[in-house]
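Please build the complete structure, drawing on both the sequences and the hints.
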Amino acid sequence: MQLSPHLTSFPRACPFNPAPPLPTFPNKSSTFNRIYATATGGTGLDFSEDCLALNIWTKSISPKELKPVLFFIHGGRFVSGSTNNTLYDGKYLAATGDVVVVTIDYRLLVFGFPGSPLLPSANLAILDQRLALEWVKENVASFGGDPSRILMYGQSVGGLSIHYHAFAWPDDPIASSFMSISGTINDEPNSPELSKSYWDQLSVLVGCDSDVERDVVSCMQEVPYQVILAAIKKLPLTPTEFLPRTQFVPTIDEKIVFSDYATRADAGGFAKLPYLVGNANHESGFYAISAFAQKITFNHSQWDLFNLKTFTCSATQSALFRLKHNVTVYLYRYFGDFDNTRLYPTSGAYHLSDLNMWHGVGRDVSGIPNTRDEEWLSREMVRSLITFAKDPVGGLENLGWMRYEGVGSGESIYFLCFKSHEATKSGV
Numbered sequence: 001m002q003l004s005p006h007l008t009s010f011p012r013a014c015p016f017n018p019a020p021p022l023p024t025f026p027n028k029s030s031t032f033n034r035i036y037a038t039a040t041g042g043t044g045l046d047f048s049e050d051c052l053a054l055n056i057w058t059k060s061i062s063p064k065e066l067k068p069v070l071f072f073i074h075g076g077r078f079v080s081g082s083t084n085n086t087l088y089d090g091k092y093l094a095a096t097g098d099v100v101v102v103t104i105d106y107r108l109l110v111f112g113f114p115g116s117p118l119l120p121s122a123n124l125a126i127l128d129q130r131l132a133l134e135w136v137k138e139n140v141a142s143f144g145g146d147p148s149r150i151l152m153y154g155q156s157v158g159g160l161s162i163h164y165h166a167f168a169w170p171d172d173p174i175a176s177s178f179m180s181i182s183g184t185i186n187d188e189p190n191s192p193e194l195s196k197s198y199w200d201q202l203s204v205l206v207g208c209d210s211d212v213e214r215d216v217v218s219c220m221q222e223v224p225y226q227v228i229l230a231a232i233k234k235l236p237l238t239p240t241e242f243l244p245r246t247q248f249v250p251t252i253d254e255k256i257v258f259s260d261y262a263t264r265a266d267a268g269g270f271a272k273l274p275y276l277v278g279n280a281n282h283e284s285g286f287y288a289i290s291a292f293a294q295k296i297t298f299n300h301s302q303w304d305l306f307n308l309k310t311f312t313c314s315a316t317q318s319a320l321f322r323l324k325h326n327v328t329v330y331l332y333r334y335f336g337d338f339d340n341t342r343l344y345p346t347s348g349a350y351h352l353s354d355l356n357m358w359h360g361v362g363r364d365v366s367g368i369p370n371t372r373d374e375e376w377l378s379r380e381m382v383r384s385l386i387t388f389a390k391d392p393v394g395g396l397e398n399l400g401w402m403r404y405e406g407v408g409s410g411e412s413i414y415f416l417c418f419k420s421h422e423a424t425k426s427g428v
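Residues in the sequence shown are numbered from 1 upward in steps of one, following full-length UniProt numbering.
Please keep in mind that the hints were generated in silico from the structure rather than gathered at the bench.
All values reported here derive from a predicted model rather than from experimental measurement.
Think of the CB as a built atom: it goes at the ideal place given N, C-alpha and C, for glycine as much as any other residue.
Among the hints, a few may not be true.
[To be verified] Here are the computed distance ranges between Cβ atoms for each label pair:
{"no.": "1", "residue 1": "Tyr92", "residue 2": "Ser259", "range": "37 to 43 Å"}
{"no.": "2", "residue 1": "Ser30", "residue 2": "Thr297", "range": "24 to 30 Å"}
{"no.": "3", "residue 1": "Glu134", "residue 2": "Asn186", "range": "26 to 32 Å"}
{"no.": "4", "residue 1": "Gly44", "residue 2": "Asp339", "range": "25 to 31 Å"}
Pasting the structure below:
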């Protein structure tokens, strides 16, 4: 493990196929191109298969007392993304002096989710995340971080990853609290048979087809990643109820990824750590761009159903099964819609727009200064995130949040929006 005490550049990214530029989109804003390039995260990256690295932001390596740790897992549908992204910059959080921030890279696509039964795991990417978490536990004190206070959180499939960890390591989660931003268990993982079929198709495309699986694996390990990425583009995507998804995703192995999450949740077979969960109110505002690029058309009702099934209802369900087992839960919904981060007139509080606020990076992402109201909301959300890391049980209540109490029981979802300089909370 090599350490860079004064980081001047990010590590090389794990290989993926960057999204092509989107030359046209109806009524796009002046900041659309810049935000879209950041959100898809593939501009100007240096790729390498030697890519397992983490970044640490800390104001002091020897504070008077150790600070809580924010351990962040990026999104990208397991097909793209890296820590070299303005949305994931930890400098503003660390600058408060109250936390140490860690972001991690993990393998993507077939590199992270291979389908061969001869490889150590079908879910290497999740094991990459776990290895990084174990390293942080052992070493973060050297950077001023408290290994007994690690908030493990993620956005999109980073938030989904939190659930995989909670169920895979129920008795040894390492973290002391969890947070899922716009990502919970809602997608069906691949069956081993489906993952193997994609693996076989890919091996044929790159010239590694053989009746002997050991020979296939040996051949695939010698193929340059650029050739593999080019071949993946030729594979058909997996159809879903809404947008097609990539071929290489988490795969049921009954060790890290399970086939019976509802049963396990009901029985309490997960790490019962304090939990903060929520989503943006109009997640589809970003996914509409992907649909446009693929020439897929949905009406308003279909997009509303997408928002509910994929994000809002799944966030509520993830809160409810924890509530049944007396876990401290906070549930929020983000409504922020600001000129500098707007993608088009009706994009609203779209997928990943709340990261601008949680990480305080909105002005850096858009290139346009925040308004006074935007700065206020971002400060409040940064303060809430840090407070939850410090005291995941009662800290947010001291800021005016209410614990989630369940459907029909006078519960409170915390609304994150601007309204007369006040983030509002309301029973829903």
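Query raised in the report: Where does the structure disagree with the numbered hints, that is, which hint numbers, in rising order?
Result: none
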